[in-house]
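Q: With chain A's structure known, arrange chain B on it following the hints.
Protein chains: 2
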Amino acid sequence: MNHIQSYIKEHKDRFLSELIELLKIPSISADSAYKADILKTAEAVKISLEKAGCNIVELCETEGNPIVYGEKIIDVNLPTVLVYGHYDVQPADPLDLWDSPPFEPVIKTTDLHPDGAIFARGSCDDKGQMYMHVKALEFMVQTNQLPCNVKFMIEGEEEVGSRNLTVFVKKNQEKLKNDVILISDTGMIANDIPSITTGLRGISYVEVEVTGPNRDLHSGLYGGAVANPINILAKMIASLHDDNNHITIPGFYDKVEELSQEERADMAKAPFNLEDYKKALDIEGVYGESGYTTNERNAIRPTLDVNGIWGGYTGEGSKTVIASKAHAKISMRLVPHQDWLEITELFTKHFTSIAPEGVKVNVKPHHGGQGYVTPIDSIGYQAASKAYQVTFGKTPIPQRSGGSIPIVSLFEQELKSKTILMGFGLDSDAIHSPNEHFGIFNYLKGIETIPLFYKYFTELSK
Amino acid sequence: MNHIQSYIKEHKDRFLSELIELLKIPSISADSAYKADILKTAEAVKISLEKAGCNIVELCETEGNPIVYGEKIIDVNLPTVLVYGHYDVQPADPLDLWDSPPFEPVIKTTDLHPDGAIFARGSCDDKGQMYMHVKALEFMVQTNQLPCNVKFMIEGEEEVGSRNLTVFVKKNQEKLKNDVILISDTGMIANDIPSITTGLRGISYVEVEVTGPNRDLHSGLYGGAVANPINILAKMIASLHDDNNHITIPGFYDKVEELSQEERADMAKAPFNLEDYKKALDIEGVYGESGYTTNERNAIRPTLDVNGIWGGYTGEGSKTVIASKAHAKISMRLVPHQDWLEITELFTKHFTSIAPEGVKVNVKPHHGGQGYVTPIDSIGYQAASKAYQVTFGKTPIPQRSGGSIPIVSLFEQELKSKTILMGFGLDSDAIHSPNEHFGIFNYLKGIETIPLFYKYFTELSK
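Respectively, the protein sequence lines represent chains A and B. Numbering-wise, the UniProt record's numbering puts 241 at position 241 of the first sequence, and it's gapless, one number per residue. Numbering-wise, the UniProt record's numbering puts 7 at position 7 of the second sequence, and it's gapless, one number per residue.
This is chain A alone, in the form it adopts within the complex:
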């Protein structure tokens, strides 16, 4: 594409200030208290698509948060790219660990981001990466270089399971018809080591409640004589992994895709330094399933993690109480071929079955999604690879990610098209954590690379 670098240079400050305005709105989908901010964000995204050059833009109501849809059709005979992203963000707590308020974006330099990074919740996941596509469209439209048709589908419930997007996609197959789906909601290995995500893990997210006595009890008068829901919950959670950190739920591994030695050898080629990894997290050792490397543990193997736990007295000082109830939020990351609904059922059946007499157990599924693997011989992948070769001067490395974008497998199933995951974030960008940030280099590199994907995809489609 012509003039892309000069265009970015000329409009860089505006590209940043526009994104910063979007990041100021706390669009937290997990907490209904932020509903108004969700709507405000959807409206802002809608306006940005209109300004960028879409000729149809609409807020599509759902039972939950609205989906922003936009399109620019230049010729029905040309291929169509469907861009997916989300404008909702993760909750920001624990707030006290943020160096600056999560919704007051600031630009600071870091070792990995010498050109500066925008610190704010959602800067990388996914407002920043989603907005790269809006600005890429602006460039192609402004310079009359849009080579094909484009559709945008930006949702507001990705962080809570995309339940209503699922309904929307099933209902609007004609409207969403496309030749390839493009998503920037993943990462790459390093700013000088571009990579394209070729696999995602599925997820099953549940909440469990263990109920013992019908009221909180004095731990002196009842301690040792009744089942303590917190001790029992701890025992039940502990039993979900064996000594090799294999998950003990019967049937859990039945459908797990086992990679060949060749595939594992290829994976091992990706640059990785265990010492740097431990140093970055300030841990003395890694921990996980026996027989697998760190990169395998968080990419090609399923996991079970407690994401939150609470029960009893958690205030200042001490209270000698046996709580009536204990709770935990538990998520399982799944690999291709594991069905999240089936896994949720297996978990529920098993977790209920291991409850001792004296407690009642309730398992409530939160949400889930299937894993996904994309082939690297598709023209979509080839187009992306060529785009990176131009902008980074290197062939990107295909990489499995441990994260989940539950909707991707649904896209393939319902829309019959492949998804290309062009992620420009870094694992160290602290998404879902305090001090989430997104490199300015990464943001602008994304805006520079995306139009080239359109160009090569259109050419390879001929």
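What the hints contain is simulated information worked out from the structure, not anything from laboratory work. Hints are supplied without guarantee of correctness; some may be wrong.
[As the list claims (entries may be wrong)] Simulated crosslink set (SDA-like; lysine to any residue; CA at most 20 Å straight-line):
hint: 1; chain 1: B; residue 1: 279; chain 2: A; residue 2: 381
hint: 2; chain 1: A; residue 1: 279; chain 2: B; residue 2: 286
hint: 3; chain 1: B; residue 1: 269; chain 2: B; residue 2: 364
hint: 4; chain 1: B; residue 1: 364; chain 2: B; residue 2: 395
hint: 5; chain 1: A; residue 1: 360; chain 2: B; residue 2: 286
hint: 6; chain 1: A; residue 1: 416; chain 2: A; residue 2: 381
hint: 7; chain 1: A; residue 1: 35; chain 2: B; residue 2: 315
hint: 8; chain 1: B; residue 1: 279; chain 2: A; residue 2: 416
[Claimed, not checked] Derived coverage of chain B by chain A (criterion: at least 3 residues anywhere in the stretch with Cβ under 8 Å from a Cβ of chain A; other residues may be distant):
hint: 9; segment: 46-59
hint: 10; segment: 266-273
hint: 11; segment: 347-354
For glycine and all other residues, C-beta sits at the position ideal for the given N, C-alpha and C.
A: Okay, now just chain B, sitting in the frame of chain A:
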């Protein structure tokens, strides 16, 4: 004693209204936010002792909450009774489980309290039981029947470990000199089955913190590859009990007093109905150490209970995060001869030792106290037994309690006198729980029985 019943009948309404006023002040010692209420309560107790007839009353400052000291010395040649109680209360949460606000006392009848019970935090533990002694003194002074000297020591830190009372007692042995210590901070079996507590468990209360990565992490990108502090904490807590629910801390049982078959047989005589017990707690089964009955498990055996646990995302909805830290509050109930400082050390050593590579563990001791056993052949016990025989028409049953009053063993050590535990509450009074209450029958029966203890103790001391 003469006229005690008529005096109670005449002043019953005032006895109730005075206690209710005291219960309205939220004197929660575990939370520094209530410091002003603590001081207000101490002042109210001071005034009540002056009105009851003490000729010296003072607020003794400590590094924490003040201790209310009062005395009425009528003849140095007569025996002296030291009354101990506490004006601080447990935190009231979870507030949503209270049928009426914890600090707005209401009187309601229950199956076990047909004459009505006062529902409020502290009604039984210990403001109500402490105030029985104030009113008993009032009666003896007003009717010129006080047979001996009396001293009061009412503290404001019992629910948080009595740290400053310990200092106070060691510093004031002459001032606190006495022939017997009288405490009403325990319970009895039933309103028609009076009992006197002859044993208390000790306690060691600690808070643990497990730290994994230096920040919260995305559970997709890191799940399965790093130690999850919540999973690890659950695993560590679970490992503290074996399959027989024996505690696995090395050395934990070394000094545990093993009761003889005879003693266990005596204990088994105390009326107890397992079905009623399970029904009252709405549990399908009891749970505890193999080889011991329910009454043994919560009285003569040491225990380990998690009183609170927290970590990760505990808000609405879901967050796919691996927390940097997980916490738990853990208390161990100890039996006679177990030293709480030694047990705290054993716990700390063991808990730190079982932490896997990849997490750091910090154990912070909160407070503790030794267990206690009182002989039933002392004149103090005999005097109490005779008093119950008069007011209940039955010989009280000696009973071990599972609860702890850490200060009791210190009293024996520092003041060289025995403690008599005349408790008038019921286990079902929900102390430390929502809807704590204290029967009006029990309150008045206490006021009626206490003066008789003074009478018989003085007579038996001759």
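Q: Could you check the structure against the hints above and give me the numbers of any it violates, in ascending order?
A: Hints 1, 2, 3, 4, 8, 9, 10, 11 contradicted; others consistent.
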